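**Student:** The residues making up each chain are set out below.
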Amino acid sequence: MMSKRSRTTSAAMVATLVAAVGLHCLPVDARPTPASVLVTVSGDPQVKNGIDGSRTDGWSITFDKFVVSLGKVTLNGDPCTPYTDADYRRIFDARTLEPQKVSISYALGTCTLGFRISNPDQDTVLSSGVTDDDVTLMRTEGSDSYAGTSGISVYVKGKAQKDAVSKTFTWGWRERRVSVDGCTRVPGGATEELVLHGDDAVVVDLHLHGEVLFRDRLDPATAKLRFAPYALADDVYGDANGDVTLDELGKMTLAQAGLTSADVTTGDAGTPSWTTFEDFEYLGLFPQIVGLGETGTCVATIKQSH
Amino acid sequence: MGSLRAAGGVATGLALGLGVLALVVSRAASAQTTPAPAPSSSGSGGPSGSSDPKPVLEPPKLQSSAVVDYPAGATGEGAVVLALVIGVDGTVESAKALSGEEPFVSAAINAALSWHFAPATKDGVARRAQIRFKLTFAAPVVTPPPPEPDPVTPPPKGSSSAVKTPPPPPAKKSEAVELVVVGEKLAVGVTSFSKAEVRELPGAFGDPFRALEVLPGVTPVVSGLPFFYVRGSPPGNIGYYLDGVRVPYLFHVGLGPSVIHPGMIERVDLYPGGYPSEFGRFAGGIVSGETAEPRHDFHGEGNIRIFDMGALAETGFAKGKGSALVAFRYSYSAAILSLIAKDTQLDYRDFQARIAYDLTDHDRLTLFTFGAYDFLAQRKNDTVNVLFGSEFYRLDLRWDHSFGPRTTLRYAVTLGFDQTHVADQRNSRDTLGGMRTVLHHQFGDELLFRAGGDVTTDRFVSTLPTYSDPENPDTAKLAALFPSRVDRAGGLWLDFVWAPEKRVEITPGVRVDFFHSVGATTYAVDPRLAMRFRASDRVRLIHAYGVVHQAPSFVVPVPGLVPGTLNAGLQSAFQTSAGVEATFDKGVSATINVFHNAFFKMTDALGTTVSLDDPLADKRAGGRAFGLEVFIRKKLTTNLGGFLSYTLSRSLRTIDGQTYPATFDRTHVASAAFAYELGRKWRVGTRLVFYTGSPQVNTLPHGLIAPPPTLSTVRDPAFYRVDLRLEKRWNFGEKAWLAFVMEFLNATLHKETINGEAIGPVTIPSVGVEGAI
Chain A
1 MMSKRSRTTS AAMVATLVAA VGLHCLPVDA RPTPASVLVT VSGDPQVKNG IDGSRTDGWS
61 ITFDKFVVSL GKVTLNGDPC TPYTDADYRR IFDARTLEPQ KVSISYALGT CTLGFRISNP
121 DQDTVLSSGV TDDDVTLMRT EGSDSYAGTS GISVYVKGKA QKDAVSKTFT WGWRERRVSV
181 DGCTRVPGGA TEELVLHGDD AVVVDLHLHG EVLFRDRLDP ATAKLRFAPY ALADDVYGDA
241 NGDVTLDELG KMTLAQAGLT SADVTTGDAG TPSWTTFEDF EYLGLFPQIV GLGETGTCVA
301 TIKQSH
Chain B
1 MGSLRAAGGV ATGLALGLGV LALVVSRAAS AQTTPAPAPS SSGSGGPSGS SDPKPVLEPP
61 KLQSSAVVDY PAGATGEGAV VLALVIGVDG TVESAKALSG EEPFVSAAIN AALSWHFAPA
121 TKDGVARRAQ IRFKLTFAAP VVTPPPPEPD PVTPPPKGSS SAVKTPPPPP AKKSEAVELV
181 VVGEKLAVGV TSFSKAEVRE LPGAFGDPFR ALEVLPGVTP VVSGLPFFYV RGSPPGNIGY
241 YLDGVRVPYL FHVGLGPSVI HPGMIERVDL YPGGYPSEFG RFAGGIVSGE TAEPRHDFHG
301 EGNIRIFDMG ALAETGFAKG KGSALVAFRY SYSAAILSLI AKDTQLDYRD FQARIAYDLT
361 DHDRLTLFTF GAYDFLAQRK NDTVNVLFGS EFYRLDLRWD HSFGPRTTLR YAVTLGFDQT
421 HVADQRNSRD TLGGMRTVLH HQFGDELLFR AGGDVTTDRF VSTLPTYSDP ENPDTAKLAA
481 LFPSRVDRAG GLWLDFVWAP EKRVEITPGV RVDFFHSVGA TTYAVDPRLA MRFRASDRVR
541 LIHAYGVVHQ APSFVVPVPG LVPGTLNAGL QSAFQTSAGV EATFDKGVSA TINVFHNAFF
601 KMTDALGTTV SLDDPLADKR AGGRAFGLEV FIRKKLTTNL GGFLSYTLSR SLRTIDGQTY
661 PATFDRTHVA SAAFAYELGR KWRVGTRLVF YTGSPQVNTL PHGLIAPPPT LSTVRDPAFY
721 RVDLRLEKRW NFGEKAWLAF VMEFLNATLH KETINGEAIG PVTIPSVGVE GAI
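Chains A and B supply the protein sequences, listed in that same order. Counting in the numbering used here, the first sequence runs from 1 upward without gaps. Counting in the numbering used here, the second sequence runs from 1 upward without gaps.
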């Protein structure tokens with residue numbers, strides 16, 4: 001027979017054990033059903049078909065390659081409850097017009113959309129029209145005036161022609177990361193918020209805009225397309241070999257490119273401290289290649305670190 | 001018995017082991033390691049009426065001259081009760097004071113470590129044993145004249161003479177006495193820490209498993225994190241066992257403590273390679289924890305620290321036939337964190353319970369259950385997002401039977417459940433079952449035969465994330481790497497511990513395993529050989545060789561996350577080592593080993609990655625590791641104890657014909673620790689950890705194609721840290737004590753550089769109170 005103390009002790013032990021075991025168990029997923037947010041991106045007819053000279057300063061522009069590494073979609077905001085991040089990238093060909101999936105995310109509440117334009121990695125998914133050679137090129141180490149050792153986030157190759165004059169351009173935009181934290185459907189409009197309720201299925205279509213690389217000012221509402229300053233960069237400030245490089249743009253001042261302080265200013269952002277045509281192209285126009293819908297824009301912030 | 005001598009006084013020794021109140025046999029007879037089956041046998045209070053003869057148990061007998069100098073500076077009489085662990089070779093492996101005052105305690109411990117005993121025996125077979133040993137110091141003025149001088153030990157300054165007293169008399173009264181046969185001679189190449197030692201190790205926080213990082217051959221990944229490379233083998237290839245039960249991981253999330261209450265652990269063994277045939281299906285090292293033998297007297301211990309508390313209690317029942325134990329640890333970090341970071345929830349708990357019951361003198365049933373739980377989540381807008389959660393539970397029922405004095409059998413059934421939540425609420429579960437049998441038979445005095453077998457089945461259920469993009473590459477990789485399936489594995493093994501003569505011990509063995517997963521079935525044959533040659537009473541030469549195989553493993557051990565990629569083949573390794581063991585006076589021992597391991601088809605994503613950003617990559621690598629290990633030790637439980645551990649090694653990987661250093665290859669790894677009794681039960685300890693930097697495998701920005709790795713790489717700077725420990729202890733009677741303990745891992749707040757980036761400082765401060773009754 002057990003002694004009284006042994007019985008008491010044993011009972012206490014069993015109670016402790018039961019309590020300990022009973023407390024243990026990972027919780028099941030009891031979150032309410034969220035909304036799904038499918039983000040797609042559509043190409044640019046002007047990239048696919050080219051830009052006719054009647055829409056520019058007489059130069060017709062065609063694109064042989066226009067690929068963008070985009071992804072890492074997030075849904076942000078205090079009243080926003082994100083369930084998961086779509087933590088990966090895809091490379092898109094801006095000549096593919098049909099909406100292609102970027103990713104699908106889940107959240108509840110009022111959220112703003114964010115994503116990144118950044119260097120691809122070994123897990124980046126290839127979308128229609130993108131080849132392994134494109135990925136290899138974009139993941140190959142290089143540098144330029146703005147980015148140290150890095151890959152390429154946007155790669156553009158094309159040709160411009162006016163009368164008998166022909167120029168080519170091959171530009172790799174190497175900034176490792178551009179964070180886009182909000183988009184608007186109309187230039188200058190308020191950042192669009194997604195009001196997400198359970199079981200909602202929301203689709204957000206982003207658009208790639210290749211023509212922005214040849215705008216004459218940052219304000220999309222008043223900007224016009226032109227190529228003459230680019231040709232000038234090669235002919236006068238470069239090696240006049242017919243290929244326009246970013247380095248050649250860097251040899252032109254803003255004034256030499258016909259740019260005023262008003263042209264390099266948007267909204268309340270103030271006048272940036274850019275001095276060269278390359279600054280305007282690289283830091284001003286490239287981040288505008290992705291917008292919300294056909295006419296919308298997104299606010300892009302260049303970050304040096306990944 | 002030997003004699004005691006007092007310089008100017010007398011110290012009287014009572015080998016309390018003569019009055020055995022309880023004797024518990026934990027393992028089968030002789031040599032080597034690990035749980036060997038053996039039933040319990042009660043020396044008193046046990047069952048009666050059995051027609052089988054009871055095992056003949058003999059406590060250790062003091063053989064050497066047990067000389068104890070009356071300590072300088074002491075006055076009056078003193079009494080010290082020591083807990084001595086006597087090895088099967090009769091040496092005193094550890095000595096710890098259970099009661100007594102300084103300076104008598106220090107004098108007694110220092111002397112005891114040089115004594116030699118005839119080992120404890122069961123049915124004539126030597127056993128490792130723990131005994132209590134009482135020493136009584138008489139004041140010099142009442143000391144009788146010594147009969148003869150001691151030619152070996154000079155008297156202390158100021159003493160008038162040096163003499164031997166007659167041998168200590170047998171215990172004449174039934175004082176508190178306990179003899180516990182706690183083990184047997186360790187296997188070749190194994191390094192072992194006892195619970196008592198780990199408690200004194202700064203930075204280990206009393207966790208036996210956390211002490212592993214200081215052992216030779218062990219290379220840390222990051223300071224403070226409990227993931228190690230062992231002789232070049234990655235963390236996922238280290239097998240963790242507790243009483244022979246496979247454990248998925250050893251430590252709570254982050255920098256948490258081990259998942260087993262330290263009070264349960266009698267000792268922890270590290271087998272860095274060439275281990276006994278009993279261990280299989282792991283291609284790296286083995287970490288084997290052994291729980292303390294069931295006790296029949298009521299006792300308990302507990303602790304309260306900044307972030308957690310724990311307790312253990314054990315008592316006997318059914319007139320000594322049975323013993324029941326419960327233990328738990330609970331972290332209230334969630335409550336503390338809620339004051340600092342309200343949106344973060346961090347929680348961990350564990351429990352252990354054991355019931356042992358002696359059905360007869362030759363049969364014991366033991367039911368052992370334990371488990372652990374970890375949870376890390378973020379709360380936002382009343383929605384909890386689990387960032388990481390894991391849990392595992394084990395239920396082990398074993399029957400130990402003795403067929404007689406020379407044959408023992410253990411049969412055990414284990415059930416378990418492992419589960420891990422990873423990001424996006426993805427579940428991976430493993431419901432497992434297994435059986436194992438271990439047979440030991442002693443042929444004469446020269447040969448011990450051991451054999452066994454086991455089968456396991458693991459039913460893995462991996463769910464896709466509840467709300468996640470199925471085209472996310474990480475999701476797809478996880479699904480491919482961890483498919484739902486049923487894995488089966490089993491093995492048969494045997495070995496012989498053969499001592500053809502007194503100075504030679506040879507242990508040949510072999511095991512055969514099968515593996516089945518996702519339609520692939522494969523087999524492995526693993527020969528093993530260990531040898532120990534006794535060059536002299538103090539020096540032994542040791543050799544260990546082994547072939548080991550393992551199914552694909554994950555980067556680090558995580559419950560329920562085991563890759564299902566057996567169709568790409570087994571991992572394997574050929575492990576070799578040779579060295580010298582030596583013992584010196586005053587409990588000092590030293591081991592020097594050289595080793596070489598060759599690896600084949602290794603799944604070491606952590607060690608082979610060239611960018612440190614793809615832990616899910618299913619890469620297979622060849623490679624090798626070789627080096628030199630030095631371990632010099634004086635038990636930390638002594639008045640002044642410490643150790644020096646040093647490993648010089650190189651670990652290489654080969655993929656696609658390119659050979660390069662493993663990601664966490666470190667040329668030099670060293671630890672040094674000491675603990676010192678300041679007096680008045682104040683004890684201070686410190687540990688220095690130093691290691692050189694690992695290769696900077698790829699410092700290019702994320703995503704860039706890395707150049708092929710080469711042997712010559714830039715390495716991160718070296719790292720060192722200092723750990724501190726301070727303890728004040730109060731004893732109450734012979735058993736009860738209370739201690740205030742402060743510990744600080746990385747007290748110097750040094751930052752570590754990993755792949756060119758400084759991290760940390762990783763530091764763990766701890767203040768707490770411990771006690772036992």
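Honestly, the hints are just simulated from the structure, not real lab data. Any given hint could be a false lead.
Derived Cβ-Cβ restraints for the label pairs, each shown as a range [claimed, not checked]: (1) B/A479 to A/N241: 50 to 58 Å; (2) B/I336 to A/A262: 52 to 60 Å; (3) A/E193 to B/M742: 13 to 21 Å.
Here are the simulated BS3-like pairs of lysine-lysine, each with C-alpha atoms no more than 25 Å apart in a straight line [claimed, not checked]: (4) A/K65 to A/K157; (5) B/K477 to A/K101; (6) A/K72 to A/K162; (7) A/K72 to A/K101; (8) B/K502 to B/K61; (9) A/K251 to A/K101; (10) B/K380 to A/K72; (11) A/K72 to B/K586; (12) B/K586 to B/K61.
On a predicted model such as this, the values are computed, not experimentally measured, just so you know. Ideal placement from N, C-alpha and C gives every residue a C-beta, glycine not left out.
**Student:** For each hint, tell me whether it holds in the structure or not.
**Tutor:** Results for each hint:
1. Between B/A479 and A/N241 the beta carbons are some 51 Å apart, a value that agrees with the proposed interval 50 to 58 Å.
2. Hint check: B/I336 to A/A262, Cβ distance near 56 Å, so the stated range 52 to 60 Å holds.
3. In this structure, A/E193 and B/M742 break the distance hint of 13 to 21 Å, their C-beta atoms being roughly 52 Å apart.
4. Restraint check: the Cα-Cα separation between A/K65 and A/K157 comes to about 5 Å, which is no more than 25 Å; the hinted pair holds.
5. A hinted pair counts as satisfied when its Cα atoms are at most 25 Å apart, and B/K477 with A/K101 qualifies at roughly 19 Å.
6. Taken as a hint, the A/K72 and A/K162 pair is broken in the structure, with Cα atoms around 40 Å apart against an allowance of 25 Å.
7. Restraint check for A/K72 and A/K101: satisfied, since their Cα atoms lie roughly 12 Å apart, inside the 25 Å limit.
8. Restraint check for B/K502 and B/K61: satisfied, since their Cα atoms lie roughly 20 Å apart, inside the 25 Å limit.
9. Our distance criterion of 25 Å between C-alpha atoms is broken by A/K251 and A/K101, whose separation comes to about 39 Å.
10. The suggested pairing of B/K380 with A/K72 holds, with an alpha-carbon distance near 21 Å, which does not exceed 25 Å.
11. This hinted pair does not check out: A/K72 and B/K586 have alpha carbons roughly 63 Å apart, beyond 25 Å.
12. Note on B/K586 and B/K61: the hinted pairing holds, with a Cα-Cα distance of about 19 Å set against a maximum of 25 Å.
Against the hints set out earlier in the document, violations occur for numbers 3, 6, 9, 11.
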